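Trainee: The listed protein sequences correspond, in order, to chains A and B. Here the first sequence is numbered in numbering that gives the first Met the number 0, starting from 0 and rising by one per residue. Here the second sequence is numbered in numbering that gives the first Met the number 0, starting from 0 and rising by one per residue.
If you are wondering where the hints come from, they were derived from the structure by calculation, not from laboratory data. Just so we're clear, the structure is a prediction, and the values are computed from it rather than from any experiment. Beta carbons: idealized from backbone N, C-alpha and C, even for Gly. Please note that a few of the clues may not be correct.
As the list claims (entries may be wrong) - To spell it out: a stretch of chain B is covered by chain A in this simulated footprint if at least three of its residues, at any positions, have a beta carbon under 8 angstroms from a beta carbon of chain A; those stretches are: (1) 62–68; (2) 148–154; (3) 183–191; (4) 295–306.
To be verified - Here are the in silico distance ranges between beta carbons for each label pair: (5) B/Gly203 with A/Ser275: 34 to 42 angstroms; (6) B/Gly203 with A/Glu280: 52 to 60 angstroms; (7) A/Ala453 with B/Ala15: 34 to 42 angstroms; (8) B/Ala21 with A/His4: 23 to 31 angstroms; (9) B/Leu11 with A/Leu375: 16 to 24 angstroms; (10) A/Arg24 with B/Gln4: 57 to 65 angstroms; (11) A/Tyr163 with B/Ala7: 26 to 34 angstroms.
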Amino acid sequence: MTLAHLPALEVVVPLLAAPLAVLLRRSSLAWAIATAACAFSFAVALLLASEVSAHGPISYHLGSWPPPWGIEYRVDALSAFVLVLVSGIGTLTALYAWRSIAAELPRDQIYLYYALHCLCVAGLLGMTITGDAFNLFVFMEIASLSSYVLIALGRDRRALVAAYQYLILGTIGATFYVIGVGLLYLSTGTLNMDDLAARLPQAASPRAVLAALAFITVGVSLKLALFPLHLWLPNAYAYAPSAVTAFLAATATKVSVYVLLRFYFGIFGLELVAESLPMREILLVLSLVAIVTASLVALWQADLKRLFAYSSVAQIGYITLGISMASRDGLTAAVVHLFNHGVTKGALFLLVGGIALRAGSAGLECARGLGRTMPLTSLGIVIAGLSLIGVPGTAGFVSKWYLVLGAIEAGRWWLVAFVVATSLIAVAYVWRFVEAAYLSAPGGRTPEPGETPATMLVPAWILVAACVGFGLQTSWTVGGAQRAAALLLGGAP
Amino acid sequence: MNGAQLIAAALLVPAAGAAGIALAGRRPNLRESATLATAATLLVCVLGLLPLVLAGERPQLVLLEMLPGITLGFRLEPLGMLFALVASSLWIVNSVYSIGYMRGNNEPQQTRFYVCFALALAATMGIAFSANLLTLYLFYELLTLVTWPLVTHHGDGEARAGGRTYLGFLLGTSIVLLLPAIIVTWAFAGTLDFAPGGILRGAGLSNAALGGLLALYMFGIGKAALMPFHRWLPAAMVAPTPVSALLHAVAVVKAGVFTVLKVIVYVFGVETLAEVRAADWLPTVAGFTIIAASVVALRSDNLKRRLAYSTVSQLSYVVLAASLLAPLSVAAAALHIATHAVGKITLFFAAGAIYTASHKTEVSQLDGIGRRMPWTMGAFAIGALSLIGIPPTAGFLSKWMIFQGAAAAGHHAALAVLALSTLLNAAYFLPIVHAAFLREPRAGGGVHGEAPKPMLAALVLTALATLALPFVAAVPLALARAAAGIGT
């Protein structure tokens, strides 16, 4: 009986953990509640994923109201994949926060962090699991509002400005999204995604549908930081507390990508998206520009958090590049990179958080000589950095493989050259860390920074190990991504 | 142990050895014992595989599925056997030499040095044993990455610049050219397994496309140092000499030409290439590299730089021989991997010994040094003769076969290139030998004797091996012929 309610529990447990953390107040209790709730969600997500791969999509009716009247939760190959990513990273960052947040926040505010973390996890999981376009908006607001506060918790006063920027742009994005959903509701009279997909072709006014497509594209693109709508991202990542940066970088933009995929392929359908508007071409051009400019900008950053933040913008470009191909291999690349990049960036930001804690800041000059003083942290950054470049044996390689394969099948040879050539820029910016850490004399700090505390290092290294593991044994990630791609191209979710 | 277990052991032993070396880091004697024990165990594993391969077996081991349809798998064939044998047997000698060199020069970070060295050998074994292109590519990149700390060992500005060039060229070519080539192969052939006769026949690629793909491979395999992608090799000479000796004369560069051979023989197939004439341009590029690198070597006063350019030129012998597409020349190419290795490692050993004993690095400083270091310079002379290809040294054997292969293929330009380059080889090596033994030492040269004993032992041993190889050539010859598909 409980098993049947797993899709609801996936979201409800972290959602309820948030007020509980506030009520208990004690920071250690709040930490325990948050970690346990996230770990529960992670376990449920794994269970759901194995259930989906064995028996196909799960549809859960909230309050037993059947769709399209009630809200439907829907777990399929794609959403199960994203659920695992979000809840897994949520658990690891909660573990990591024990030391990291304690060092960054005043003692009496710590419980707030855990409450907001749970809310944010619940919001992102809800966005992923729901089959209802308006319910998605609700969860989007839960996730967004909590992430504004999470960013504002940063020690640096500039975090307030960063959070404010994100608040404005994020709200515009959410508003655009809800306008789009409103237009869809106007045209079809339904909010259930399946139902929308079935009714859209007979919609009274195709113009309203196109307007909805445009609004939703812009709204979601703001959230996923598609170039040139990425301006909120670097500051937000740079000034938020380390645990928050890692969590948001690994999950928040990825869930927005998921929403885009859902709407493009699950609701509007490829024909509408590709034929009535040149969305694929627009996406292609923006992705290319994002990859080149953001990678180049990353090359000139003096702060590791900002460097990897710009690299995120570029990597999101690779994901949307895969989406723009709209072929089986392209979508496989997009979905698998969504996951792999989440893992890679999570690892990187968790480790950079260790540097920020021990060396005082995440500036590149603080990384000098770290190869000797913080060997495990540095080695972890190098390995995750290799995954960012896409060296074989790491997760990032798998994504690049499918992206190139997709370009070859489309006969776009220049795109093949583009993808491999731009990964050289990634070599260059990862390189800057390597030279600082291994080939520069320590900056003469006294005392020398010690290794990152174990409670932070272990979650980070779990992700580093995942970077390598998902590069060598890919049946789960690639298999899942291929099923998701087939599902997206097969029509309605 | 059966073949699969031996393959697993040969991969695990150096990796586990690296861990052991790291753990023993605080006790130098224990650490060096760990290196020697690892090297010896590795050689035992590789020698255990030899009779299997000679008997025609092809031991296999599949570990994981890296991508749907592509495994992380190993399958040992004669060419890989030859490469593994060369690398693992020279590692022991090189370890003895390293101990003398690193201690004699009071080098810093010795633990890291030995750890990376062991890891580099593990990656080399992975390349030698790989069953498909993706596995090979994985270990190929791994080899680049683990040798980078060895190149930048000194950590100064020069090392940093050298390291940048090293990684820039090797990663750049492998990511921009080699990786797309592999993915295109997968997209059209549907497999990446090395198979006799190649996998691209009938894959739907036009002749021009096959030529283009071959170019992606040949230039993408930057470790083979085909011009214009050779600059990383001289840049890597900032490393301590044992690194230059084993890695940049044997393991890394031979991994490059080994991959070239694998691609020509097992991916394209010699017959396919000959039929569609897709490789017609390759002898020209290789020939140009041979001559141009020899000319640069001739003009280099720095000894290690001269040796590096000589390596660039010798690597292209292998590429040239393979590109002639005659069975005999392919066998010669495989054999040249082994014969050049013993000769060149001797030369580098000698260069390192000279540096350790006298801190001399330039050719012009070597007048009369043969009187103070007769063993070292004697070994150098033997290595030089082998590189020129004078009997009864190892180099003669493979050079003779390459000549035969070129003659059999009727490629007169190749014959001319080989003859000219032999003259150039003599022109840049013999003056060193001449100056060392027959010129008077310059005044104020300082008093020094031979280098430390372990180094001396190592270089005498490889010099003897250079002389002995032609007399025990049955095994490498059998492997080379089997690789080229000539009946045993």
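Trainee: Run every hint past the structure and note whether it holds.
Mentor: Verification of the supplied hints:
Using a Cβ-Cβ cut-off of 8 angstroms, 5 residues of the stretch 62–68 of chain B lie near chain A, which meets the minimum of three, so the contact claim holds. Coverage of the stretch 148–154 of chain B by chain A holds. Counting CB-CB distances below 8 angstroms, 3 residues qualify, and the rule asks for three or more. Taking a C-beta to C-beta cut-off of 8 angstroms, the stretch 183–191 of chain B contributes 3 residues in contact with chain A, enough for the three needed, and the coverage statement holds. Remark: the stretch 295–306 of chain B is not confirmed as covered by chain A, as 0 of its residues place a Cβ nearer than 8 angstroms to a Cβ of that chain, below the required three.
In this structure the supplied range 34 to 42 angstroms holds for B/Gly203 paired with A/Ser275, their Cβ-Cβ distance being about 35 angstroms. Evaluation of the 52 to 60 angstroms hint for B/Gly203 and A/Glu280 yields a failure: the beta carbon distance comes to about 29 angstroms. Against the hinted window of 34 to 42 angstroms, the Cβ-Cβ separation of A/Ala453 and B/Ala15 comes to about 25 angstroms, which falls outside the hint. Evaluation of the 23 to 31 angstroms hint for B/Ala21 and A/His4 yields a failure: the beta carbon distance comes to about 50 angstroms.
Under the hint 16 to 24 angstroms, the C-beta atoms of B/Leu11 and A/Leu375, about 23 angstroms apart, fit the expected range. With their beta carbons about 59 angstroms apart, A/Arg24 and B/Gln4 fall inside the hinted range of 57 to 65 angstroms. The given range of 26 to 34 angstroms is broken by A/Tyr163 and B/Ala7, whose C-beta atoms sit roughly 58 angstroms from each other.
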